[in-house]
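Visitor: These are the residues of each chain, in order.
2 protein chains.
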Amino acid sequence: MNGSGAGQRADPMKVMVILAHPRTGSFNHVLAEALCRGLWGAGIGVTFHDLYREGFDPVLPAGELSKMGDVEPAVLAHCDELSHCGGLVFVHPNWWGAPPAILKGWIDRVVRPGIAYEFLEGDAGEGVPRGLLAGKSAAVFNTSDTPEEREREVFGDPLERFWRDCVFGFCGITRYHRRTFRVMVTSTEKQRGEWLREAEEFAGGFFSA
Amino acid sequence: MNGSGAGQRADPMKVMVILAHPRTGSFNHVLAEALCRGLWGAGIGVTFHDLYREGFDPVLPAGELSKMGDVEPAVLAHCDELSHCGGLVFVHPNWWGAPPAILKGWIDRVVRPGIAYEFLEGDAGEGVPRGLLAGKSAAVFNTSDTPEEREREVFGDPLERFWRDCVFGFCGITRYHRRTFRVMVTSTEKQRGEWLREAEEFAGGFFSA
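Taken in sequence, the protein lines are chains A and B.
For what it's worth, the working numbering labels the leading residue of the first sequence as -14, then goes sequentially.
For what it's worth, the working numbering labels the leading residue of the second sequence as -14, then goes sequentially.
FYI, nobody ran anything at the bench for these hints, they're computed from the structure.
Derived list of chain B stretches under chain A, where covered just means 3 residues or more per stretch with a C-beta under 8 Å from a C-beta of chain A:
#, stretch
1, 75 to 86
2, 89 to 96
3, 104 to 115
4, 131 to 142
5, 147 to 160
6, 167 to 181
In silico lysine-lysine, DSSO-like type, Cα no more than 30 Å apart, as pairs:
#, chain 1, residue 1, chain 2, residue 2
7, B, K52, B, K121
8, B, K(-1), B, K121
9, B, K52, B, K(-1)
10, A, K52, A, K121
11, A, K175, B, K52
12, B, K175, A, K52
Sample of chain B residues facing chain A (criterion: CB under 8 Å; computed from the structure):
#, residue
13, R8
14, P46
15, L50
In this text, a Cβ means the ideal position worked out from N, Cα and C, and glycines have one as well.
Please take these sequences and the hints and turn them into a complete structure.
Guide: Here you go:
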């Protein structure tokens, strides 16, 4: 599989939407649907992955550690989509300042060397990689029960650095938007309705720009 | 299971060591062994969990979302140990500024409300929790291929906030040590030997203090 991502042309009219929430019918599910509607409305194709529903296995096996390793077909299919898509959307709750394990493992397994990034000749992996993703835009939608001020002051919002710098910056994604809807547990139906409209409107605009 | 962690007495002479690395014989494995040796040498008991070897399932199911939810026996056993241990050690590589998914899911599933923290009466989950862990000391040992300066300046080391503030601070752990061994990919055997000695020496001292 090595190298199949390098130099790929992206389809700007195809966006991958990745959802990670265990409860069918959750606000995260409805939010992902709103984002898909926004994309469709703007004439953008969507490949939608509900990782829980697909039973995605997030545990990276030893055989996938190296760039030349054997990768499971289910993971390879995601790698192939990732190589070719024009943009990425992630929808997940903020659990412990990080994505749920099923999504963390999607990053561990799918965002592979040769697909999403590569190191230069002679670099064993300690240097500065070259991002390979052809699609350069990504959006992250989170839900949280932590008020914004407490998140900033007590926890320092490590999810921001995770997505922006560790994942997207590493892979050459240059346009990035993140939005956290909070506080979920005390939100009203009216508020959640507004959030869904905001997400739907955003998606079409951001990815067709 | 709810509440079984509250008010538990810790056994200060028992430390949980949690390892997350896919390759048997990895430096992370040898490092975890060195930490166990250090603990044993100081007369401290160890419960050791190699999450890959145990086949720990990191995917939190919908049924475990609520505090009163049904929790799998394998997870309950970890919860029970967590409630009673005197300290915690985590050993894992830094993957994308976060733990490997198998360990992220251990946090998602085992560090539960009623076991590790609880919210006050009338608080739906948006407020400030009370940490329940009786053991108040934790150590994290990481491996990384990113030089320290690049980690700090480009990625902002979100793992530090994850462990220190999001997990340990939330659960009432007040003594915290973290050490990252780097750059693994260019390290010499001599260097790795020194790291192992450092870890072994540290473990006995820190947890018997």
